[in-house]
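Undergrad: The primary structure of each chain is shown beneath.
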Amino acid sequence: MNLTWHIVKKDLRALKWPLLLWIALIIAKLGVGVVLLNADGTEGLDWFNKMSGLAQVLSAFEFVSFVLTAAIIQQDLLVGTTAFWMTRPISGARLLRAKLIGIGLVFIVAPVLVTLPWWLGCHYGISEIGWAVTETVAAQAIAVLLGLLWSVVTDGFARFLMWTLVTLFATPMLTAIIAYYASRHLGSFQPELVSTRFLLVLLLSIGGIFVVVVHQFLTRNIGRSIAIIAGTVGLIVLTGAFWPWSWNVESRFYSYLIRQAQGEWPAGAEPPGLAFKLQSAEFSGRKDRPASLIASYQVEGLTAMQGLMPVQSEYTLRWPDGTSATGRSWGRSGLADMMSAHALSGGNDSGKAAALAGSVNFTSAMPAPTMAKVRSSASSYTLPARFRLMRFESVTRVPLEPGTWSVHDSQGERLAHAEKEGPQLLVTFIRHMPSLWVDNAGGGQLAGTGDYSQYFLVNRTRGAVDRGTSTDYRLTRIASVGISWRTMSFLAIPRPPKGSVLDAINALNEAELVKVTFAEQARFSHELKLGPEEIAQANP
Amino acid sequence: MNIIETNRLSRRYWRTEALRELTLAVPTGSVFALLGSNGAGKTTAIKVLMNLLPPSGGSATVLGVDTCRLGERERAQIGYVSENQKLPLWMTVRQLLDYCRPFYPTWDAALEAKLLTQFDLPPDRKLKHLSRGMLMKAALLSTLAYRPKLLVLDEPFSGLDPLARDDFVRGILEASELGDWTVLVSSHDIEEVERLADNVALLENGRLRFSETTESLLGRFRRMEVTVPGPVSLGAPPAGWLELEQKGGLVKFIVTDFTSGTVERACRDRFPDGTAVAHPMTLREIFVTLARETRTQPKGAAA
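Protein chains in written order, with my numbering: chain A, 1 to 540; chain B, 541 to 843.
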């Protein structure tokens, strides 16, 4: 092992400047993130966009890691007969180990270590860091695999670059050709089959590269390695164009994510005494098109200070013939209106808020084939709806000056800038939040969330409250952290009547910005059901 | 005891046969020169012996191990220096030695220091800034310092100016006094090899022409000069006589199997009035004679 590390050290020393430059790119990208988080709010959205663009460019440059991978491999060429290591007491297996350790250190460990302070600074917990590390590793693995493939079968950097460019150009062309034949073969677009083929092609590519790399290191038989590449490409083409069986990978994956998330929302955690009463259920959308089922409920049993916050869940439709379909469902509740009422009353008059507490509705998206089936034969509908039980925490006055970070779990928020402009108050907020693929794609909300708060401009003299409208909003993503710039426009009276701008300005001077916070009390799931009759009635 | 043995070793590049059924034995402790003109198959033979190329046919053993199975243990006992080898040029001489050292349990730090001084190598200069001769010496130093049992030098003199060549040969000679290693050197540079080798093999078009001790080779080749009183009929030369020609009163030829009594008798038979004088030949002259002979023969006849 010592000799293996000796080779690793040699490679890292040989490439120290390019590798340091590459790590500096990552640090520069994170530096842009730090600058964005520390913006004073006067820079403007254009500035935010430019900085965001710079971060994206720097992120793109990180993918030169495929070149660095090749450089590490080709420090000891595997092709030809002139490489120094070949006549030294270094076996192919030892060299492979050394190269994999080197690549792992540079492209897996180093980016993670460099980015770790960033994630910790953004208050990521273990779970979020785990997912962010997975994302970082996966992104780097793509570049590394691309670099590995041609670096082990070429005798120098020029040829490596040429074949890599050929691959980068050929892949989209090959994909287009496969898509063309596949579309002719399939007749109609079958997303699940395409997902299955994509997954298989991905696995074949990774497996093929792995075999070629190991084979070339152990045997240096270039002819056979090229034959393996050609064979793998052939298999990829055949699989991509003709694989006939769908494994429903995409829906299985999303179901898995949601099931995982639902596991954290036990039904047993439901507060006692809650009753869900169906108010209405109806379908929106046109016949034979993707549509939505909107089911509204009134929840009884909440106290005056409690509200529900629905979270994305997975519904199931079951038909009498035993078939079923699943999909995603989003919920809304009266919590936002409750907050508004609390803002106006300063949290003292809970009567109005209580009236709004129990209103909940769920929108379940249904693709066209599901919708067609629902229309022809009514099914039962089951939704293990997930809720966060929220309890009113506080109403606090917010000074109209740059504030410090307010952090709840892994989400942070800061008032960066506030200014009055005519009758409106413009407030710019900088936020950071987890932006993980697993949440963005799967909606699993595996990342933790805690308190929920919202800002309101309140004029108690006139009994007016405004939750504001967003005038500028941009979200960027830097190393799995979402950073948003949002400028909100608040009015102190609901709609300034014509000719009374002065009145609106006066009202603004009387108003104050408040922040209403609800704290999470519990998480639970509650199974909502609709029978075939209710579904049939909802059918337009 | 032979450190290298090959048995009908062949190597083919597509349709070209670079090495044809080479059967060779390199005695342990010898300095063995593999000679031949460009393209004769010397480098191919060495690459197959070093397992840099797989053989197309036949087999070979180095240190008693099949060349296809040479492992880290065997490689730790073999030194290889080649004009074509790509050294890590970004390293300094010292870094090269530091890199190589841990791989060899037999690395001799005192010998390393001695050779570094002897070869007059600047330890802190990067390899890419060394002259070609210095680079070869650095490669040789990184090879000799672990006292390999077998030192393989593939065209080590190519591209070296006479001074560097002399330095290099002197380095090998001086180093050879420090240990009892076997040296296999391939070259078309006969003068340099002559100073080193005690065994010689000649490759022609991938085939082995001969393999014997230098002493025996130099002993059996003679350039003969026979002074004759007038024109004589040369006729067809007997077997073993090459380049038979007459210039005035002097008949010249080269014998390939000189034994004093036999050649004198043959001269007397053919040139009864002549006076024969046998001159010893250098390795270079022998090599040129054989190369010329091969060229004058119809294709395939040399086989």
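Keep in mind that the hints were calculated from the coordinates and are not lab data. By construction, the Cβ of each residue, glycine as well, lies at the ideal position given by its N, Cα and C atoms. The reader is advised that the hints may include incorrect statements.
Lysine-lysine pairs mimicking BS3-like chemistry, simulated, CA-CA at most 25 Å apart [unchecked claim]: (1) B:K787 x A:K529; (2) B:K666 x A:K9; (3) A:K16 x B:K689; (4) A:K9 x B:K668; (5) B:K689 x B:K787; (6) B:K626 x A:K9; (7) B:K668 x B:K626; (8) A:K277 x A:K9; (9) B:K666 x B:K626; (10) A:K16 x B:K626.
Partial list, computed: chain A residues near chain B (C-beta under 8 Å) [claimed, not checked]: (11) T4; (12) K10; (13) L12; (14) A14; (15) V79; (16) F84; (17) T87; (18) P89; (19) L161.
Undergrad: Report the numbers of all earlier hints that the structure fails to satisfy, in ascending order.
TA: 1, 3, 5, 8, 11, 13, 15 and 19
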